[in-house]
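Asker: The primary structure of each chain is shown beneath.
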Amino acid sequence: MDFQLSEERQMLKDTLERFVREKYDIDTRHKAAKMEGGFDPEMWSEFAELGAIGALIPAEAGGFGGSGEDLMVVFEALGRGLVTEPFLATGVLGATALIEAGREEMLEEVIGGGLHLALAHTEPDSRFEMAQVATKAEAGKITGRKAVVLNGGTADKLVVSARSSGAVDDEAGIGLYLVDANGPGVEKRAYATVEGGHAAEFVFDGAQGEALTGEADGFAVLEKTLGRGVLALCAEAVGAMEICKDLTVDYLKTRKQFGVPLGKFQALAHRMVQVVIAIEQARSLTMLAAGMMDAPRAARERALSAAKNMVGRVGRQVAEETIQMHGGIAMTWEYSAPHFAKRLIMIDHLLGDEDFHLGRFMNLEDAA
Amino acid sequence: MDFNYTAKEEAFREEVRSYLHEALPESLTEKVRKNLRMTAEDLRLWHKILNDRGWLAWHWPEEHGGTGWSPVQAHIFDEEIVYAHAPRIIPFGVNMLGPCIIKFGTPEQKAHYLPKILSSEHWWCQGYSEPGSGSDLASLKTTAELDGDEWVINGQKTWTTLGHIADHIFVLARTNKDVKAQEGISFFLVPMDQPGIEVRPIITLDGEHEVNEVFLTDVRIPKENIVGEVDKGWTVAKYLLMYERTGIAGVAFSKLAMDGLKKTAERLKQNGRPMSEDPFFAARMGRIEVDLMAMEIFNLRTVSAAAGGSAGGVESSMLKIKGTEIRQEITDLARRVYGPHALPFVPESFDEGWNEDDPMGPEGAMIPASKYFNMRKVSIYGGSNEIQRNIISKMGLGL
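Sequence lines, in order, name chains A and B.
Residues 1 to 368 in my numbering are what the first sequence spells out, letter by letter.
Residues 1001 to 1399 in my numbering are what the second sequence spells out, letter by letter.
The hints are simulated quantities; they were obtained by calculation from the structure and are not laboratory data.
Hints are supplied without guarantee of correctness; some may be wrong.
Below, simulated DSS-like cross-link-like pairs (lysine-lysine); rule was C-alpha separation at most 27 Å, straight line [what the hints assert, rightly or not]:
1) B/LYS1116 with B/LYS1034
2) B/LYS1371 with A/LYS264
3) B/LYS1116 with B/LYS1255
4) A/LYS245 with B/LYS1394
5) B/LYS1269 with A/LYS264
6) B/LYS1269 with B/LYS1034
7) B/LYS1371 with B/LYS1262
8) A/LYS264 with B/LYS1048
9) B/LYS1116 with B/LYS1048
10) A/LYS253 with B/LYS1394
11) B/LYS1034 with B/LYS1141
12) B/LYS1103 with B/LYS1232
13) B/LYS1394 with A/LYS256
Which chain B residues face chain A? A few, computed with CB under 10 Å, are given here [said to hold, decoys possible]:
14) GLU1030
15) VAL1032
16) ALA1084
17) PHE1280
18) ILE1297
19) ARG1301
20) ILE1392
If you're wondering where the values come from, they're calculated on a predicted model, not measured in any experiment.
Ideal Cβ placement from N, Cα and C applies to all residues, glycine included.
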């Protein structure tokens, strides 16, 4: 049993965390979020040079990482800075299908920061259900609608889930297709999200798709893709929680009312302790999920769902307590803490919320 | 990161498991399984089984009969005794007093007391809390005065767990009233078979007798029955309270209880469907299971850090809080799952051999409500969860 990171991963963690701490303060983040597409292309290049994108891609596919632990380390560091560059969309949700399909030449561009990807999977009616795909694929032509495609507005290529057979929620019959985001038959509407990210709605009308999977193995790749996404979100949340904790503890020590620091009031100190314990719980399950990424599907999904459920619950607790314990200052745009709180709340709206994952966790009980 | 045990650790687990399997009589495991009352003989037998193998005082230094186990081995041992449905180890002698005597005792005290703790010749209980001194232990009022070669002790102790089956009690008493509360306390070793000691039962809210009041009236003990220096007993007392107790999270207890709860939920039906399929009940169970899964990893992280030499600071307080919350949550569901059948209360049914020819309600229905009430104690004893939060906020967060 060993919960320490390997020396290499510890270095990666230290490098990224230092970069985020020194180069990515809240003003930098707001500036990036306001740019067209919701991120700063120069910052993205800097991250690429640091190796942060390559750390998400396995060596077999030309990267130098790609394991559950790598994802955890990278995304926790990103969460600490509320980094808005499209790591999740490009490096995880977009890249996984390319990794599985062995598209090394494209991945090389991804690792270098030159190629942007997005996963077009969620549909207007599918909510969090993984297998619900109404978008059709017929002879390589894609037709249908996709919703809340993260960083879809700036993506060069889209990985689109589309059905060539079966009922609307069958696991079989789903394939993943590579589609030129700016090609004919693709219509998009890009927008900012409430917590400072970017996404887009897509309408495909006979758009040309290149098959990355068959219709028999498409779902397996999709499941793996979304699983890696869940882990990335959990780790990002843990990073954001740590910052919320540090900022709040600091505030409780320095802000005085009635002549004493706020932290002297047990009503606040005890709640802060509850928050700290809850964060350890969230971190523990995120670590477990990272360690289970190569386990058989049922065991992997069970660990991921446990983690995402916990992160959903703890995320809300941390977000709300951060705002409440700070008081008025945390209601301002200017202060950093509330932006972390917003991200924590909205992470529960991505790739399955706490209820969805509790349900999946319970259904997987017997299988695991 | 590696979540697996080494082959050596797995072999150790097998060794513990097979010894317990062979040495633990069914008469004991049945009682634990069914939550029946333990007798003093049961507990002594259990201690003897462990002592025969040299495992009772596993955390003592090897020269005094300990094992030299790593934190991971200790964790495995803790798990296995729970999974074997063994009774709990009664901590007062072996886990509390023993380490204090080893740390602060004279050579004579070590030679005299330690072997008798191991052999169960001495059965200890704890004289700490008083009616006016709970969380604020240092405010205690029991006094000890030197009269020639003897200490004379007067006062009242309370919440004395298993005091009615103990023959010795360690007592904190005030030996100096003119200094700060913590600085005038001493730690005494008191045989209970003497005039002036009276043990009165306290019946707890579940109707059971586990704890007692102990009255000490002009109790005389030899001058040498003191651990550590006069007036320095607080140091000993704190050492005892801070003594690293592995298994404080109670993960194994909770896992076993959760397994039992799930089986019960599959067995009991409402409107023809098992309670495990009731969406509201299932969601309650699922959430606790996720909590428990997280705490198991959190606990292992702490064990592993201890094995790597990083001294646990506030982690044990954090585990105490979360662990007791989860244990209490499970007892809440264990009572709920029986619905109306949790109401009947027949205290005799908690004794071995009670004839349940004509049981009321489903099997096992009479235990969980009592158990739920009993388990309210875990967030109160061992330093209440509020005290633990004070410790974490001060020592861990610097608030």
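Asker: If a hint holds in the structure, say so; if it doesn't, say that too.
Answerer: Hints and how they fare:
no.	hint	result
1	B/LYS1116 with B/LYS1034	31 Å, violated
2	B/LYS1371 with A/LYS264	36 Å, violated
3	B/LYS1116 with B/LYS1255	34 Å, violated
4	A/LYS245 with B/LYS1394	15 Å, holds
5	B/LYS1269 with A/LYS264	50 Å, violated
6	B/LYS1269 with B/LYS1034	21 Å, holds
7	B/LYS1371 with B/LYS1262	17 Å, holds
8	A/LYS264 with B/LYS1048	49 Å, violated
9	B/LYS1116 with B/LYS1048	12 Å, holds
10	A/LYS253 with B/LYS1394	11 Å, holds
11	B/LYS1034 with B/LYS1141	41 Å, violated
12	B/LYS1103 with B/LYS1232	13 Å, holds
13	B/LYS1394 with A/LYS256	17 Å, holds
14	GLU1030	28 Å, violated
15	VAL1032	26 Å, violated
16	ALA1084	22 Å, violated
17	PHE1280	12 Å, violated
18	ILE1297	4 Å, holds
19	ARG1301	5 Å, holds
20	ILE1392	5 Å, holds
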